[in-house]
Amino acid sequence: MASIPLADTEPRRRFRSDVLHDWVTTVDHKKLGILYIASGIVFFVIGGLEATAMRIQLAVPENDFVSPEVFNRLFTMHGTTMVFLVGMPIITGFGNYLIPLMIGARDMAFPRLNAWGFWMFLFGGLLLYFSYLGSTGLYGAGSAPDVGWFAYTPLAGKAFSRGNATDYWILGIVVSGFGSLSGAVNMIATALTMRCEGMSLGRMPLFVWMMVIVSFMILVALPPLTAAQVMLLFDRFLGAHFFDTQAGGDAVLWQHFFWFFGHPEVYILMIPGFAYASEIIPVFSRKVIFGYSVMVGATVAIGFVSLSVWAHHMFAVGMGRGLNIWFATATMIVGIPTGMKLFNWLATMYGGRIRFRVPMLFCTAFLAQFLVAGLTGIMLAAVPFDWQVTDSYFVVAHFHFVLIGGLVCTIFGAIYYWFPKMSGRMLDERLGRWHFWLFVIGFNVTFLTMHGQGLLGMPRRIYTYPADRGWEIWNLVTSLGVVLQIAGVLFFVYAVIKALRSGEPAGDDPWDAWTLEWSTSSPPPDYNFDEAPVVRSRRPLWDLKHPDDPDWKYE
Amino acid sequence: MTAPIDGQGNATAWSRGEVGTLLLILAETSFFAIFIVGYLFYIGKSLSGPYPADVLELPVVATICLLSSSVTVVVAVRALEADRRGAFLAGIFATVLLGGGFLAATALEWRKLIVDDGLMISTNLFGTTFYSLVGFHAAHVTVGLLLLALVGVLGVLGFVRKEHATRVDLLSWYWHFVDVVWIAVFTVVYVVGV
Amino acid sequence: MTEPHDDRGIELPSPTASPLYFALGLSLLLAGLVTHELVSMVGAAFFVLGAVGWWRQVLPQESEQWVPLQSEAERARPVSPRRAAVDHLTAGEDRHRMRLPVEVRPISAGLPGAAAGAVAMAVVACTYGLVVEGSLWLPINLLAGIVLPSVDQASPEQLRSFHGLAFGLACGAHVLLSVSVGLVYATTLPMLPSRPLLWGGIAAPLLWTGVAWSVMGLVNPALEQYVSWPWFVASQIAFGLAAGWAILRVAPVATSQSLSLAERAGIEAGR
Ligand SMILES: [Cu+2]
Numbered sequence: 001m002a003s004i005p006l007a008d009t010e011p012r013r014r015f016r017s018d019v020l021h022d023w024v025t026t027v028d029h030k031k032l033g034i035l036y037i038a039s040g041i042v043f044f045v046i047g048g049l050e051a052t053a054m055r056i057q058l059a060v061p062e063n064d065f066v067s068p069e070v071f072n073r074l075f076t077m078h079g080t081t082m083v084f085l086v087g088m089p090i091i092t093g094f095g096n097y098l099i100p101l102m103i104g105a106r107d108m109a110f111p112r113l114n115a116w117g118f119w120m121f122l123f124g125g126l127l128l129y130f131s132y133l134g135s136t137g138l139y140g141a142g143s144a145p146d147v148g149w150f151a152y153t154p155l156a157g158k159a160f161s162r163g164n165a166t167d168y169w170i171l172g173i174v175v176s177g178f179g180s181l182s183g184a185v186n187m188i189a190t191a192l193t194m195r196c197e198g199m200s201l202g203r204m205p206l207f208v209w210m211m212v213i214v215s216f217m218i219l220v221a222l223p224p225l226t227a228a229q230v231m232l233l234f235d236r237f238l239g240a241h242f243f244d245t246q247a248g249g250d251a252v253l254w255q256h257f258f259w260f261f262g263h264p265e266v267y268i269l270m271i272p273g274f275a276y277a278s279e280i281i282p283v284f285s286r287k288v289i290f291g292y293s294v295m296v297g298a299t300v301a302i303g304f305v306s307l308s309v310w311a312h313h314m315f316a317v318g319m320g321r322g323l324n325i326w327f328a329t330a331t332m333i334v335g336i337p338t339g340m341k342l343f344n345w346l347a348t349m350y351g352g353r354i355r356f357r358v359p360m361l362f363c364t365a366f367l368a369q370f371l372v373a374g375l376t377g378i379m380l381a382a383v384p385f386d387w388q389v390t391d392s393y394f395v396v397a398h399f400h401f402v403l404i405g406g407l408v409c410t411i412f413g414a415i416y417y418w419f420p421k422m423s424g425r426m427l428d429e430r431l432g433r434w435h436f437w438l439f440v441i442g443f444n445v446t447f448l449t450m451h452g453q454g455l456l457g458m459p460r461r462i463y464t465y466p467a468d469r470g471w472e473i474w475n476l477v478t479s480l481g482v483v484l485q486i487a488g489v490l491f492f493v494y495a496v497i498k499a500l501r502s503g504e505p506a507g508d509d510p511w512d513a514w515t516l517e518w519s520t521s522s523p524p525p526d527y528n529f530d531e532a533p534v535v536r537s538r539r540p541l542w543d544l545k546h547p548d549d550p551d552w553k554y555e
Numbered sequence: 001m002t003a004p005i006d007g008q009g010n011a012t013a014w015s016r017g018e019v020g021t022l023l024l025i026l027a028e029t030s031f032f033a034i035f036i037v038g039y040l041f042y043i044g045k046s047l048s049g050p051y052p053a054d055v056l057e058l059p060v061v062a063t064i065c066l067l068s069s070s071v072t073v074v075v076a077v078r079a080l081e082a083d084r085r086g087a088f089l090a091g092i093f094a095t096v097l098l099g100g101g102f103l104a105a106t107a108l109e110w111r112k113l114i115v116d117d118g119l120m121i122s123t124n125l126f127g128t129t130f131y132s133l134v135g136f137h138a139a140h141v142t143v144g145l146l147l148l149a150l151v152g153v154l155g156v157l158g159f160v161r162k163e164h165a166t167r168v169d170l171l172s173w174y175w176h177f178v179d180v181v182w183i184a185v186f187t188v189v190y191v192v193g194v
Numbered sequence: 001m002t003e004p005h006d007d008r009g010i011e012l013p014s015p016t017a018s019p020l021y022f023a024l025g026l027s028l029l030l031a032g033l034v035t036h037e038l039v040s041m042v043g044a045a046f047f048v049l050g051a052v053g054w055w056r057q058v059l060p061q062e063s064e065q066w067v068p069l070q071s072e073a074e075r076a077r078p079v080s081p082r083r084a085a086v087d088h089l090t091a092g093e094d095r096h097r098m099r100l101p102v103e104v105r106p107i108s109a110g111l112p113g114a115a116a117g118a119v120a121m122a123v124v125a126c127t128y129g130l131v132v133e134g135s136l137w138l139p140i141n142l143l144a145g146i147v148l149p150s151v152d153q154a155s156p157e158q159l160r161s162f163h164g165l166a167f168g169l170a171c172g173a174h175v176l177l178s179v180s181v182g183l184v185y186a187t188t189l190p191m192l193p194s195r196p197l198l199w200g201g202i203a204a205p206l207l208w209t210g211v212a213w214s215v216m217g218l219v220n221p222a223l224e225q226y227v228s229w230p231w232f233v234a235s236q237i238a239f240g241l242a243a244g245w246a247i248l249r250v251a252p253v254a255t256s257q258s259l260s261l262a263e264r265a266g267i268e269a270g271r
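These protein sequence lines are chains A, B and C, in that order. For the first sequence, this note's numbering begins at 1 and goes up steadily by one. For the second sequence, this note's numbering begins at 1 and goes up steadily by one. For the third sequence, this note's numbering begins at 1 and goes up steadily by one.
Honestly, the hints are just simulated from the structure, not real lab data. Please read these numbers as outputs of a predicted model, since none were measured by experiment. Among these hints, one or two may not hold up.
Said to hold, decoys possible - Coverage of chain A stretches by chain B, computed from C-beta distances (three or more under 8 Å per stretch; other residues unrestricted):
| # | stretch |
| --- | --- |
| 1 | 190-197 |
| 2 | 247-253 |
To be verified - Some residues of chain B that are not near chain A, with every Cβ distance over 12 Å (derived):
| # | residue |
| --- | --- |
| 3 | I25 |
| 4 | S30 |
| 5 | F41 |
| 6 | G44 |
| 7 | P52 |
| 8 | A53 |
| 9 | V55 |
| 10 | V61 |
| 11 | T63 |
| 12 | C65 |
| 13 | R78 |
| 14 | A82 |
| 15 | G101 |
| 16 | L108 |
| 17 | M120 |
| 18 | L171 |
For glycine and all other residues, C-beta sits at the position ideal for the given N, C-alpha and C.
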């Protein structure tokens with residue numbers, strides 16, 4: 001992205017190989033952040049194409065666009081890609097890019113570890129995708145993993161998943177997991193030890209707070225996944241019996257281990273979305289964030305509670321009444337801090353002079369869509385209801401509302417908001433609006449209707465269905481929405497290319513914002529700040545812009 | 001103009017090395033917790049022998065070695081901080097020796113279990129959980145030991161000086177963590193599980 | 001901080017490929033498990049290369065690179081004060097409606113409210129029993145159906161006669177429900193806009209009658225069978241009006257909302 005420096009500011013021509021060498025050997029948090037985000041977007045396109053293939057297959061009954069085997073690989077790779085190779089790198093990328101800038105530091109606490117983390121993530125992703133060529137599945141030919149993104153045992157065991165496609169799944173995720181772990185260590189250490197003068201914990205931007213909390217969740221929830229995957233690897237390679245039911249092993253134990261990671265993972269992905277919204281909404285409402293400390297407290301509360309709700313993914317397993325009630329209650333309790341946040345964002349907008357630029361549009365859509373996601377979440381937390389719709393498209397619709405309606409929309413908002421800082425160029429507002437409307441309408445066409453199939457009883461992961469179930473029209477509409485979403489994303493890609501080629505220069509502070517990253521040039525120099533900043537309030541730039549009415553008088 | 005602005009707005013006294021090490025320990029704790037839960041969950045669920053009560057003996061020597069090595073590593077760090085080179089090297093090598101003693105005792109135990117008792121990782125659930133939990137702990141001891149040995153060798157060559165005391169101190173934190181994990185493993189495997 | 005000069009620069013960690021080698025080595029090492037041992041060996045080589053390179057980067061001293069400061073023209077402009085005046089939101093203005101409860105009824109006002117409402121409702125319900133159904137006990141037995149499943153199967157004659165257990169349970173349920181609704185009333189009713197009695201006495205009972213109508217079949221099937229909706233609504237409104245009247249009679253207390261921010265925060269500040 002930043003390899004398009006302006007010709008007139010670049011004193012001497014540089015060779016392509018020089019530029020490449022710079023990027024490959026870099027330990028600069030900004031370059032690494034951009035690398036994370038860019039590779040995440042590439043994987044997003046790949047995962048999106050996989051989803052498109054599935055939606056073509058399901059658009060009409062008895063379709064044979066792809067075979068059942070290919071379909072299994074598609075949904076496995078789609079889920080794995082979107083969670084581990086899209087969500088994780090993009091949130092780590094924004095954290096990497098923004099945390100040092102927001103706290104007035106010159107780099108992350110461990111710059112080389114940072115580079116290592118990025119490469120581990122990338123090689124993990126490449127290893128996973130190499131399975132399409134290198135792995136021998138049941139059918140002899142190369143094939144990708146096909147056991148679902150949560151790889152339930154005993155299906156994922158040696159007896160039922162011959163070949164080594166499942167091993168690719170394990171190794172790819174373990175390797176890329178090291179990237180997330182090192183990123184988490186780095187973000188916490190940076191925020192705790194590298195803050196500039198006056199930047200007390202209570203003055204850190206909410207973005208930094210939330211990324212710190214997310215990082216703690218990564219450190220607590222991700223190693224259990226690695227541990228469980230190592231156990232599965234031992235089962236498959238060394239003949240161990242962790243999840244081998246023939247030898248007394250327990251297949252449900254895998255589910256517990258997986259979801260002990262899997263549920264917090266949802267919040268690990270979603271809280272960064274909250275973080276972007278918490279920066280964007282105040283700036284475009286021209287008001288200070290409502291309830292700063294409550295936001296921090298609510299995030300901490302979500303972090304803790306979300307560690308004790310994992311088995312709501314397992315109500316259909318038959319855990320017994322006591323456990324079901326515990327996990328149902330705990331799940332519903334998460335709704336309280338999450339609801340507090342929604343109200344805080346609304347209260348921030350309330351009475352503000354709202355400017356509906358593209359970042360704000362995406363954040364507004366996020367508020368509405370995330371509310372729907374939260375409400376279906378509460379429905380699913382009710383055990384009897386869950387029993388009715390478990391493993392149906394209702395669940396698929398629910399978590400896509402969380403991850404697309406919530407996370408992807410805030411990520412798009414964040415890209416429109418911070419792209420000018422990263423590249424020095426503005427993204428075109430008109431193209432952005434096309435992107436926004438096509439994508440949001442397409443998303444809702446696809447996933448609002450998907451609740452319908454789910455309630456009508458259509459199960460997940462089926463590769464086709466007969467014509468007499470009353471699902472046809474629902475599936476067709478769902479698939480048609482994909483066209484709109486793709487059109488929206490094409491507008492986005494075009495907007496990025498256009499901005500990089502001939503975008504309007506952004507200047508230091510295009511949004512009239514208040515956090516430190518907007519006080520340096522766009523893109524920032526390698527060392528971030530000419531002089532170390534000194535802050536006196538949560539909105540240092542406000543203080544400078546309004547010397548007669550500064551924030552530190554009130555905080 | 002100086003190099004990185006290191007924590008000027010920082011009321012906390014933590015250095016980034018300390019924070020990083022503590023976070024590494026947090027992640028490792030979470031990793032071991034799953035293996036410990038797995039071990040506890042499968043106690044008494046093996047369908048066939050050998051069973052823990054028949055083949056396990058309390059690893060007294062190994063435990064004494066490892067626990068006392070936590071003391072010697074502290075001695076080494078203190079000596080380095082006070083710039084007493086002889087005591088520092090003595091402490092480090094005593095730690096390496098004690099850690100090596102622990103690994104040797106573990107190796108002997110595994111030899112007995114494999115050769116005499118016929119317990120492999122694939123034999124039964126006990127073998128599966130035992131070798132993975134104890135094995136992962138031993139692997140961490142090995143890593144710590146290699147790093148300590150490296151510090152020792154560099155110390156003999158005269159490269160380790162007083163200003164490196166903070167880094168050696170961080171290594172000792174990791175070593176204490178490995179020790180604490182052993183206490184948990186010992187309790188779970190040799191006390192609760194038998 | 002010293003002023004930056006053009007001939008000066010800043011020291012930053014120097015670029016290095018070692019983390020890349022280290023990561024590549026580790027990945028290939030593991031990839032060997034699913035491909036070929038040779039891959040692992042290549043991985044091991046990269047691993048060592050990366051590890052040694054990394055060590056040399058940080059020991060004995062972290063290696064750093066001298067980055068010259070940008071030229072004056074490229075640097076960020078200093079943030080300058082904005083001329084535009086700042087609008088402060090004040091309570092009650094157009095775009096920012098606020099209703100601050102300067103005075104509220106104490107929560108304990110819910111108790112007399114509950115008592116008044118409970119009596120009013122019981123009077124209406126018993127009137128209905130005596131006048132329409134010819135038995136004082138019928139409404140009481142029906143209310144007990146919330147907790148007593150056997151009421152569903154009772155014959156009309158049984159419903160018209162006195163049952164000790166049903167009477168006790170009905171009284172208990174009546175008191176419990178009245179107290180909870182009374183307490184909610186005490187907190188919300190005086191804050192409702194313009195005419196609290198209209199909202200709390202009539203609108204709210206109508207609303208929850210609607211809710212009761214839709215869930216009655218689940219909660220209390222017996223009552224659903226016999227209920228007369230006009231009388232039901234009348235009893236709810238009686239409750240709402242009586243409770244509201246009793247609550248509004250209690251003297252209000254001032255909240256801290258009437259104090260200034262500084263006073264609320266406990267800061268002794270002059271105005
Ligand atoms: Cu969940």
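We went through each hint and held it up to the structure:
Remark: the stretch 190-197 of chain A is confirmed as covered by chain B, as 7 of its residues place a Cβ nearer than 8 Å to a Cβ of that chain, reaching the required three. A count of 5 residues in the stretch 247-253 of chain A with a Cβ less than 8 Å from any Cβ of chain B is obtained; the coverage claim is therefore met, three being the minimum. A cut-off of 12 Å between C-beta atoms contradicts the statement that I25 (chain B) is not in contact with chain A; the least separation is 10 Å. Not every CB of chain A lies more than 12 Å from the CB of S30 (chain B), the least distance being 4 Å, so the non-interface label is violated.
A beta-carbon of chain A comes within 12 Å of the beta-carbon of F41 (chain B); the shortest separation is about 6 Å. G44 (chain B), annotated as away from the interface, has a beta carbon of chain A within 12 Å; the closest lies near 10 Å. Even its closest Cβ contact with chain A, about 14 Å, leaves P52 (chain B) beyond 12 Å, as expected for a residue assigned away from the interface. Distance check on A53 (chain B): its Cβ is at least 17 Å (rounded) from any Cβ of chain A, clearing the 12 Å threshold; non-interface status holds.
A cut-off of 12 Å between C-beta atoms confirms that V55 (chain B) is not in contact with chain A; the least separation is 17 Å. No Cβ of chain A approaches the Cβ of V61 (chain B) within 12 Å, the least distance being about 28 Å, so the stated non-interface status holds. Distance to chain A confirms T63 (chain B) as a non-interface residue, since its nearest Cβ pair spans about 24 Å, more than 12 Å. No beta-carbon of chain A comes within 12 Å of the beta-carbon of C65 (chain B); the shortest separation is about 26 Å.
Residue-level check passed: R78 (chain B) sits 24 Å from the nearest beta carbon of chain A, beyond 12 Å. Distance check for A82 (chain B) against chain A: the nearest CB is about 26 Å away, which clears 12 Å, and the non-interface claim stands. Chain A leaves G101 (chain B) outside its interface by the beta-carbon criterion, the shortest separation being 27 Å against a cut-off of 12 Å. No beta-carbon of chain A is positioned within 12 Å of the beta-carbon of L108 (chain B); the least distance is around 22 Å.
Residue-level check failed: M120 (chain B) sits 8 Å from the nearest beta carbon of chain A, not beyond 12 Å. Remark: the non-interface label on L171 (chain B) is consistent with the geometry, its nearest Cβ contact in chain A lying 16 Å away (cut-off 12 Å).
Violated hints, in rising order: 3, 4, 5, 6, 17; the structure is consistent with all others.
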